Each structure stands twice: as C-alpha cells, then as structure tokens.
Amino acid sequence: MTDLVPITALGARAPARHAFGALTIAENAGLALASLALRRDAAQPAPLGLALPGPGAWQAGQGVAAFWTGPGQWMIEAEERAAEDFAATLAAEAPGCSVTEQSDGWTAFEIASDRGGAPIRALLEKLVNIDAAAFGPGSATRTGLHHMSVFLIRRAEDRLAVIGMRSLAGALWHALGETAGRLKGERT
Amino acid sequence: MTRLTGGLIDRARSLRFTFDGRSYSGHPGDTLASALLANGVRLMGRSFKYHRPRGVFSAGSEEPNALVELRSGARKEPNTRATVAELYDGLEAASQNHVGPLGFDLLAVNDLFSSFFAAGFYYKTFMWPRAFWEKLYEPAIRRAAGLGSLSMQPDPDAYDKGFLHCDLLVIGGGAAGLSAALTAGRAGARVILADEDFRLGGRLLAESHALDDAPATEWVARAEAELAALPNVRILRRTTVFGAFDHGVYGAVERVADHLPEPGRQVRQTLWRITARRAVLAAGAIERHIPFRNNDRPGIMLAGAMRAYANRWAVSPAKRVAIFTNNDDGHRTALDLAAKGVEVAAVIDSRPDARAQGNYRLVHGMVSDARGRLGLRGVQIDSDGRKEWLDCGALGVAGGWNPNVHLASHHRGRPVWDEALQAFVPGEGGPRGLIAAGAAKGQGSTAAALRSGAEAAAEALAQLGIEARPAALPAAEDAPAGLRPLWHVPGKGRAWVDFQNDVTVKDIKLAHQENMRPVEHLKRWTTLGMATDQGKTANVTALAVMSELTGKPIPETGTTIFRPPYSGVSLSVLGGGDTGPHFRPRRLTPTHEWARTQGAVFVEVGPWMRAQYFPRPGETHWRQTVDREVLATRKGVGICDVTTLGKVDVQGADAGEFLDRIYANAMKSLRVGMVRYGLMLREDGTAWDDGTCARLAEDHYVVTTTTAQAGPVYRQMEFARQCLWPELDVQLISTTDAWAQIAVAGPNARRLLERIVDGFDLSNEAFPFMACAGLTVCGGLKARLFRISFSGELAYEIAVPARYGQALVERLMEQGADLGATPYGTEALGVMRIEKGHAAGNELNGQTTAQMLGLGRMVSSKKDGIGAVMSRREGLAAETRVLVGLQPVDPAQTVLAGMHLFAEGAPHRTETDQGWITSACHSPHVGSSIGLGFLANGGARMGETVIAANPLQGQKVALRVVSPHFVDPEGGRLRD
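If you're matching them up, the sequences are chains A and B in order. Quick note: the first sequence uses this note's numbering, first residue 23, plus one each step. Quick note: the second sequence uses this note's numbering, first residue 3, plus one each step.
Calculated from the structure, these hints are not laboratory results. Keep in mind that this is a model prediction, so the values were computed, not measured. Even for Gly, the Cβ is constructed at its ideal location relative to N, Cα and C. Don't take each hint at face value.
[What the hints assert, rightly or not] Here are the computed lysine-lysine pairs in the DSS-like style, where the Cα-Cα straight-line distance is at most 30 Å:
1. B/LYS126 / A/LYS206
2. B/LYS494 / B/LYS508
3. B/LYS670 / B/LYS508
4. B/LYS494 / B/LYS511
5. B/LYS126 / B/LYS494
6. A/LYS206 / B/LYS163
[Unchecked claim] Not close to chain A: a few residues of chain B, all C-beta gaps over 12 Å, as computed:
7. TRP135
8. GLY429
9. GLY431
10. SER572
11. GLY578
12. PRO583
13. PRO587
14. THR646
15. GLU720
16. SER736
17. GLY832
18. GLY900
19. GLY973
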C-alpha cells in the first residue's frame, strides 16, 4: 500500500474532538461514503444487507448505513472503511447502478450528548431551520447551516451527525463549536 | 423624591446609576425612566429639529422623547428608550442631541428660527449659491441631523441566532396573550409566548383593576407558573416579535443580556426565526394624545403612562398633577394617583356632559397652553371661553387608544377604520394565520381582552384540527370608554403631533396648503411618522387633523400601515453571530496547510482561498515572485493546486448523449481514455463556461468547469437531467471536493511524474496529449491522470483522493527537487494562460460568443446543444469583434485590462469604440506587458497599431495587434 500519509479534512494527522458541556463533537475521518444512483430499469438493490430508505430517512445496517439523497439516489456510509476502495465494493453489490466515490468529498462530525436528547434538540434549534421535535432517530435531511449546505442525520436520541463539504470542514467545525460553546454558557 | 407606595419594585435592594454624569439610585424592577422620575428628573432629552426640552412621554417601547445613549466605550448604544431600559447596578446613561449641557442646549437657537425649519424646508432652502451646497450646507445639515452618536468601535459582544417551530405563537403576554397561551397550552398545542417586557402581564401590571377581587398581579403570577410548568409551552421574555415574514415565519429578537452590566459568557441578543402554524396578535393598544399649544413640555405625558408609573413603578412625575381627557379612561389616572396620595389639581374633560368619578375638581373644557420650558409649571384651561392658568408639575393626556395594528399590516394588510371605536383595527388581508385579539383588535377592557384572547387561541387551534376549550377566566372590569373625539385643540402657536420628528399641527396645515394631502405625501413632506418610533403616538392624530382640513372622513384620507421592524433591531443581531473572518464560510484546498507553511500569499476566489503566489526569502515585490514562478515552470516544472475547478461525475447508458446536448461541441464521439476541451453556451447563444470532458469508461465521464461556475454548471446539468430530458438514463454527482487535483507543467513534467506513477507508460505514444487514465501512484494509491495544459507547456493534471493531496504535493516537490520543481499560484497560472492565449473568466464575461473567442467552429452544426440555435441568430451574426493579442509599441508601457480600443486618430467615444482589453499581465517570455482583447475585424489587422484608452484616468497607450498565442503558437510543447 502507498506510503503517502493522509490528513483529515481539518488538515491534521488525527481527527479532532472536543467536549462542550453535555455535547461532544468528533470528526469522523474514517467514514467511507459512496453515492448510489439507480439506472433506468434497475431493480432497487439491497447492498450489503441494507434496506434503502425513503425520503427523509436514514437506515442503519451492520457497520453500514444509507440515507436518501434524491429520487433513486442514496448515500451509503461504512464506518472505519475510508482507507479502502469502498466505492468498488459497493459497485459490486449494486449491478445496474451508478456508484461514485464520495469519502473524500465530505467531512462528517458526530455529535453525542451525555444527557439524552435535550442537548441535541437545543443545538439543532440554534443551527438549522428544522423542527427539532420532528427530527427523531432515523431522520436524515439536507439543509442550510450558516451559509453551507449539510446533511443532518439523527442517528439516535442522543446522537446527531452533520456532514458537510470537505473544503468547508474548518468553517463547519467552527460553526458547530461556537454554537455548542454558547449553549454551554447558557446552561446552568 | 416622588416615590409612592406599592409598585413592582424591590425596595430591599438599591441600584446605583448615572445620567449625564450625575449619580442616582433606583430599585430592581425600575426602568431608567421610572428611576429618573423617582429622583425628580423630568428633563430627559432635546427634540430633533428645534432642540426643545423634552421629558418622558410614555411607559413603553412607543416612547418618542426620552432617547438616551446607554453604556460607554465600545458598548455605547444610542437611541435607547429610557422607558424600556431595565435598571441595573452601574448603568450609565447620557441624554442625546444637544450641544452644551442638557439644560442649556446651544442649538435651542433653532427654536427661535422655527419658521425657517417648517415642514419641507430643505426643498426650498440651501439652494444658493449652488457651490455652497457641497462644501458648506450639506456637511452642516449632516452634522445637525440624526439622533445620538455611535461609539465608532467594533461591537465587542456575541450574538446568536436560532430557529423555533410551534403550533401557536402568542405575540404579547398581557391579558389577551396570557389567556390565549393558557387555552392553547392546556390543549397540548406547542405554544411560544413572547413579550417585549421583562415581566409578563402587559397592562395588567399597570392598572389597579382587580381580577376575581384580587390584585391582577396575583392572577398573572398563577398563569405564569402554570405556563412555565407545561412542557409544550415556551416563554420568551424580553423578546420583541418584530415582523411577520413569508411562510408563517416571524422574526424576533430576544434581549438575553442587555439588562446585565456585562453579558459575560452569554450572548447579548439572539435572533429567532419562529415558524408558527398560527399566531395570535395580543399586542395591546397604544394611547394617543391631544395636541395643544406647547404640549411638549417635560412633565406632559400620556395619562395611561402616568398611572402605569404610579401603579407599577410607584412613582409620580410630580406632587401635583392634572389630567386632560376626552374619555372615561383619563379619569382612571386621577383616581389611581389620588389613591396613592398625589394631589390631583383637576381633570379637564372636553366632553360637556362628563361627570367626575371621584373626589377631584372636574372642569368641562380643554387645555390650551402649557408653561415651564425645562419642566411643566402649569397649564392653561379654556372653559366656556374663559381661560385660567392651573399650577401643576405634570399633565396626563388621554385621547383614546389605538389598537397596535403594526404586525397585522405586514404583508400589506390594511387596517380599517372603526367608527364606533374611533380607531383603526386590523382588517382583512395581512399575514395569513395571524389572528388579532384583545386591545389589538379594539377589545381593550380587561374582561373583553381575556375573553378575546381565549377565543382567538381556540379558533386558531380549531383551524389546525386541535380541540381546545377557552380557558376559564377571572371576573374583570368591562367598562366602555365613552370617548368623544377631540383630535386637537385649535388655536395659535405650535401644537406637537409627532414629538420625535418635531412635527406640529401647523406643519400638517402647511402640507395641506402645499397640496401634500394624501397620507403618503403628508408623511414624506412633513417626515411625520418617520422617526425611530414610526409615529406610534402620532399617526392617527395626524390623519385626523388632515381629515379635518380636507373635509373628508378619516378612512378616505388614508390609512397608516407599518413595515418591519416593530422596534429597532441592531445589525449585530441580524448578522447572527458570525463576524470577522467567519462572516462567510471559506473553502480551503487539500494543500492549503502545505501552501501556508511555504509562505504562500492567499487570495479569495469566491468562497475559496487559493494560493496566489509563493514568495521566497529576499523577494520584495510580487512581480519578482510571479515572474520567477512563470520562468521556472516554462524552464523546469511547476506545481499548482487546481482542485477548485468544478468536477462533475457523469454516468449512465445515455451519458454521452446527455453531454452532446449540454456542450456546444460534440462529446458523444469522445473515445474512452481521451479528454476533450468543451464549450458550454447559455440558452441565448452566448458563451457561458469552458472546461474539459474526460471519458474514463464507456458510460463514465468527468466534466470540469471553471472555479466560479462550478455551482451554476452543476445546477444547469441537474436541471437538464431532471426537467429537460428526464427520459435520458444519466446520473450526476459533484466530485469537486472529493479529488485533489494538481497541475504538473513544464518540460520536466513527464520526468517528474515517471518518478511517482506505479509502472505506468507515460511515453508520448502511450499517453499522448489529451489522454486520460485511472492508475495508481506512490505504491498503490488510486489516482487519475489527465494530459491537459492550461499553460501551453507539456502538462498533466493528477488527481488523488483529497486526503492525500497534501502528501502528493510534498512527494512531488521532493522528487522534483533536481528538476527545478516550483510551486506556483493563481498569478503565475494567469500569466501563463494569457501568454498562451487561453480564454478564461475575463473573456467569458457573458457578453461574448464562440465566434468572438475564435471557437466558432466548436459550435456543432451536426447536432443540437443548449444555445446552439440561438448562437446562429441574426443579432449575433453582425458581430465582428474577435479575440486578439496586444503588445505595447513601446515595451516600457503597460497594457491595462478594461481599456477600450480605437483606431489611430479616431476620437475616443462610444460611436468609435472598436473593442476592449479583457486580460493583461507582464510577460516574462515577451519581456513586456501583454494583453488579450476583442477587436473589430481583429483577424485582418495583425500588425496594425491601435490606441487603448482609459479616459477616466486620462491614459492612452499605442498597442500592436498580434496573435493571442505569445508562447509556442504552433503548440509543439503540448504535444511533445
């Protein structure tokens, strides 16, 4: 394998991680991503055992997950597999589909709460124009956040993922950190 | 001191504050206005035009007079209403708009010349001599204009923004708002209750009426406790809902820390965007006054405000007060103040049949004058033709109540005149889903407000399919107002209507005389209603005066409507918290960090930061650096990050057909493993964007675009895919960020790449000009190689997954050290493409065609594509300007982009304009400045001398017309 050393979206050797009171934000540099789009007359596949979800939804499988990104289009996630050619693996599982490498197109930040869903909802309220109460576990959507376009995934009651363009990693990290930090200042 | 008993203030604690440098004290619960009154201070400001002494007029955010500068240093804020400034320990305030002390304003001389400053004076004065305007009159007027001054320092505070969603937004937390919130909250709906005050209760806090035989504050406290305990209800205090926007979105500002000496770690204010399925406007009503001569003395205020000060803040503006009223409500003030031991000199009621409601003197008549410049000393009563002066230190004026229709008139809702109420109420139209309740719709008695709020909430929820029963309500007063309209007291002298902009009844008469009679003209001619209070205490009165003058009833005179914001919103909070470098997000390339450590100077290219040039120690001017980078690239090998150019992945059985229609030139015929230069046209036939298209496989292409157009081109492609040709089997996705793309250019480019590719044949035969392939580099890293050139040199672009971009560049630099490997930035990139004659954004400016670019033959006549038909239209056929190169006849002279081209000897006018210069740079290759531009019949004028002119700055230079390809015009280096 190559001896070239990769860097994270934030430009460092190791992924960033920071705690802000009840919330911890961690850069998920190992997440593999690939886009899967149905070609005409292709049957909807169940790649890697995944039941591809409908609009607004995220479906988790074994070490992989998928969220809807358009008619006949999904983004497939694979934990800790960014170093491999995940797109090739996926293409083999989805004949008759267009598959495109996306791991390096995005930066993913995983946000975890140690106090249940309330801190996640409070953060969502300050970041995006999404009805936080209606964005429960299994929800995924694309929306604007501080002049950037991001995917939001409610992975669990106490976990939220924010996926933005890789080149905007610094701006997104800043926006998330500033907002979480202000919430920490407000909390008693 | 004029403190009374009772009130909602905490007498156990004292707060120290200063006003105009003097120290005073007050209590928690005071506003700056109430604390000043409690300390006997009635003079609080100077009026805008005439600099007349003014005191506080109201007890709310509608305050026109008592505008102060709050805080000092960088946090100093002008135009704060003392009536809403919560008192805190250490508060510093200063009055505004005077030269010299507040009590002796040197600019009060304006009042003596008031005839010259009447409405519209600046349309008639300061006209002569003309030359004086710019140097003398305008600066003087500017200095005199405006209220308050800025600190001129950056705002040091933090701000935030947020988004809320609810079933019902209740705007206002008074009687109507609380009963609406209780009704909706108990029904389980998601409710947000917002009030601009720091306490809930609205006028219930200011009146002495009982609710269920107990002080109203007790009911308020119980309602508040219940609402706070409901998980589906959110209370926002100190929050002004300032506007109703599209799609049911309401803008609100929460003053999180304005009432604290320092925000500390909190944000100072938060901008909330509230998406509400329904909203109840429980915004109450604002009292109006009755203009009479000299009615602006400090100590003259609204009667409702006077009793609010007495009941809520336990303060009277004077020991001896009088009331002037045209309705029963004014008498309430007399009763409440008398009950607290204040001497009520008289109630002057303009209704001939009015009766006293307590043990005070009642006079049937009107107030016709007031004296006491720095503080009221007495008022003149006109009764049955007899005039009498009455001593008093304060006068409460009660002219009736105006429902607060501000938000209801957003979205062009027009209020309607209610003849019985003698006031405007919300009409049809206005923001959808907004229901007015209580005093805001003219149902202002306490009982009516409570009932109306509950009903409005029930109705709103019924519209949403949520069942709600109106909350049970306490027994409350329900007295009619008994108003008999008196819009102003006729007579000589000036009677103020709009206090903040210093507009009098005389000004309205003047407007009428000058035929500025429709309300929109009246407003603009007199500036009535155009100050920071939006004329909240003046508009209806002004309309009534104009109506008297024209003889038309008020509804025919016009209506006043309002635009957001309801009260001032700072730009800082609208910014939402992102300031400085974080105001806009920045996109960084995969090699940004490496470039930074190399000392690169960066330039903004849209949202991107790109390395512009890489200065070396000893280089003192950017030209030195750029010239060196260009020469080094053309001599050895240069390396440049070109990741920012858009990349779109195109797949599918019909991908080729799709691209044939997107591009002007043929693309379906492109062979696998090859790249083709592509031109895209706009629908109207104009050249739009250029780039490359690489065919990686039978059904797999990668389209590249310019940096600036990456988004628009991708959007156009998606639009074409989804809407124009949905029958085509094609799938798209952006891959701009996913691949780091590095240009490797120069005679040593192949030798350098040979050192990093894994056994890939880079010979000219195996990998010719315009070839592409997938491969691996550096021991197995997947990559893509494209042999394309922007510089005119032997060149390649190598793409690797973005996380390896930095490592790749480091490896290339290391491996290329003996080959002269040199990083270069956007400046050198630009110089080289100009030297080569390549079009870029400057040439593709939306006004040029393929023909003009010399690419006319690229627009295929054998197949259709977006813009192809329109590119052949008559209007474009007559165009003769084509792209040429330009070189100064005198090599020491400079070519400037933007200059226009003229024949030698021709005058420099639009009629003789023959073209313009699009790009220019210093060319190390040519040894002088060079340029590209469009010149009429340029192709036939090679060698001719033309004149480039910049008339704005008086520049002219003689240029020779040459081929745009300054370097290697045969293109041999590319194909080597």
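* **Numbers of the earlier hints that this structure fails to satisfy, in rising order** => Of the numbered hints, 1, 3, 11, 12, 13, 14, 15, 16 do not hold.
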